[in-house]
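Peer 1: Sequence:
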Amino acid sequence: MSRVVACLLLMATPAMEARADEIVQGVLQLRWGDAPPAARGTPRAAHFEAWLDAGPDRRYRLDAAQARRAAGDLYALANRRVAVAYRAPARVKAGVKAGAAATVPVQSAPEISAIVAADLAPARTMARGDVVGARTVTPLTGSTRWVTVMCKFADVPTEQKSRAFFQAQYGDAPGQLGHYWSDVSYGRIDLAGSTAHGWYTLPRTRASYLSVVNGRTKADLSQLFADCTALADADVDFRGAQGINLMFNTELDGSAWGGGACGTLDGSYQCTRATWNPPWAFSNLAPLAHEMGHGYGLPHSDNTDGDGDTYDNPWDLMSDAWRNAVSDATHGLLPKQLNMAQRDRLGWVGAANKQIIAADNASTHDVMLAWAGGAATDATQMLVLSLSTQPDPYRTVVYVLEARRRHGSYDGKLAGDAVILHVLEDYGIARSIDTDTPVADLSSNEGSMLRAGETWRTPDERHWVEVVSMTASGFLVRVGPRPRAMSTPSQVLVRSNVSAAQAATPSVRTPVPPAAPKSVRQARARTCEVLPRVLRLPTLCAVLAR
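Numbering of the sequence shown is given in my numbering, commencing with residue 6 and proceeding in unit increments.
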C-alpha cells in the first residue's frame, strides 16, 4: 500500500508521470460533453474524458482509447473504485538527420494495460451480461435521489427559471423525470426525495472558469462542482444522494456535460454522479435526461453511417435527444425511451424479457416481440442474435432487435411503428442498422425500420430475419439459419413464445431470403462484364446478377 501511495504523490507533481508496472487506485470518472441542437447535416462534436480521482487534488487524465481497451467495458466501471495498471510502451525511434550514424530511442509515457474494479459489489447485485461478451452488469435499482443546485456566475445576474420549476422536473406525472426514469426502467428505479436548491452566486466570473485546452475553450468542471456544491452545503443534505444536477445561468463552454465528479460534500470527500447544464439544456427535459443517463454510466449510441456524428440515431435518448421528441409546454422537449441495449446495460431487462439466439442456431424460431416501452411484462422485449465469440470477448459483435411504436409521452413522435435493429460493437456501443444503400445520415428513414413482410440478414448470413406481422402487442418475428436449397428439407420451426392465436402461419417454414436491391443487382451485372470473354457464360452471369 505504501508503494501505491508513494506513486500517487509522485504523480501529483505535474512533471511526473505514472511509471511502468505501477498500479494506481482511485474512482473512475467518465464525462461526456454534448453540443446543443444543430440543423440536419451539420456535424456536432461530442467530447469524452476519462479521469482517475485518487483523492483531493490528485486527479489523473486517462487516455480514452487506452482506457477502453484496457477495461473491456469501461462504462460499466463509471463512478466505481478501480485499479489502473501501467506498462512500458513499445520504444519508438526519433527522427534523424541525413547522414547521422544512429537513431536515438525515445521512451514515451507509460500505457494503460488494465483497468479492473477494486471495490466489492454485493453478490445479489451482480448479474452476468449475456449481450456484451464477458460483461458483468451491476443492476441499477431502487431510489436514485438527485439534488439540483442552481448557480449563477458572479458577473451574470439572470435567473432563467424558478426553484419551483426545477423541483417540478422531478415529478412523478407523465412528462416529468420521476415518471420517465421509472417508466424506462420498468419500475426498477425512482427519483423519490429529489430536491432543488438555489439560486446561489458563484465566487468567480464565468471567464475565470474557462481556459483553452488543445485549442478549445474548456470549462473547469471540477471547480464548478466544488464551488457550486459548497454554496449549497448549508442547505442541502447530500448524504444518500445518487447524483447532483448543476444548473448554470449562462453558457459554459458550448456543451452540457454528464458523468461523475468528486468533491467535499457534508464535510467529507465523496464521488457521485453529476451533470453540468447551461440554460438550453435545463429548459428541456430531453437533454437533461441525456446527461443524467451519462451519470448512470450510459455511453452514446450512434447509427452506422460512419460519419463521426454520434447524434444521428433518434431511436435512443443517448444519441439524438432532440429530434422526434414530444414537446411539452412547461418542460420543453421530452426524453425518448432508451434502446433495449442501453436498458440491458443497467440491468433493467429481466431474463424472461430477453431471448438469445445462439451463433450456431440450426432451428427456425417464431418470436412474439413485445413493445419495448410501457409497463413491465413477461413477454420477450429484447431479441439478441449472437455471432461467433472473438478472442477478446468485449469485441464480440451481437445484434439486438426491439419493437418500437409511436405512443405516449416519450415515443409519441417516433418515425414509425417497426422492428428496430442495433448492432452492438466497439466495446459495447449500440448503432442502429440502416438497410438502405447508401445509408442515411439520420436513422429516421424507412431503411432503419423493419415492417411486416420485410426481411433482413446478418452480414455473415448466420441469422435470417423476417417480420411476419404486427399485432396489438408488438411484432411476430421469425428468425432462423440461412435457408437451404428448395430440394432439401426445411428447418423445424420452434415457437418460442407465440400462442396459437398469434401464430397464424405454417408450422414448418424457413425465412424467405430478401431480394438484392436494384443497385446491388446492377453492380453484380457489371461484375460479369469484367470477366474474360471466355468465362461470360449465360448461366454464370445470371447467377452473378441475382
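Please note that the accuracy of each hint is not assured.
Said to hold, decoys possible - Quick list of the computed label-pair ranges, beta carbon to beta carbon:
| no. | residue 1 | residue 2 | range |
| --- | --- | --- | --- |
| 1 | D446 | G147 | 53 to 63 Å |
| 2 | D160 | H52 | 43 to 53 Å |
| 3 | D397 | A159 | 25 to 35 Å |
| 4 | G60 | G458 | 53 to 63 Å |
Unchecked claim - Straight-line Cα separation of at most 20 Å, SDA-like style, residue types lysine to any residue; simulated pairs:
| no. | residue 1 | residue 2 |
| --- | --- | --- |
| 5 | K359 | L392 |
| 6 | K223 | A239 |
| 7 | K418 | R45 |
| 8 | K166 | A75 |
Simulated from the structure, these hints should not be mistaken for lab results. Here a beta-carbon is modelled for each residue, glycine too, at the ideal position from N, C-alpha and C.
Peer 1: Now, for every hint given, state plainly whether the structure supports it.
Peer 2: So, going through the hints one by one against the coordinates:
Range check, D446 to G147: Cβ separation about 40 Å, and the 53 to 63 Å hint is violated. For D160 and H52, the Cβ-Cβ distance of about 25 Å falls outside the hinted range of 43 to 53 Å, so the restraint is violated. For the pair D397 and A159, the supplied restraint of 25 to 35 Å is violated, since their beta-carbon distance comes to about 50 Å. Hint check: G60 to G458, Cβ distance near 60 Å, so the stated range 53 to 63 Å holds.
Our distance criterion of 20 Å between C-alpha atoms is met by K359 and L392, whose separation comes to about 16 Å. In summary, the hint linking K223 to A239 is not supported, as the alpha carbons are separated by about 29 Å, beyond the 20 Å threshold. Distance check on the hinted pair: K418 and R45 sit about 17 Å apart at the alpha-carbon level, within 20 Å; holds. Of the supplied pair hints, the one linking K166 and A75 is violated, its CA atoms being roughly 43 Å apart against a limit of 20 Å.
Checked against the numbered hints given earlier, this structure breaks hints 1, 2, 3, 6, 8; the rest are met.
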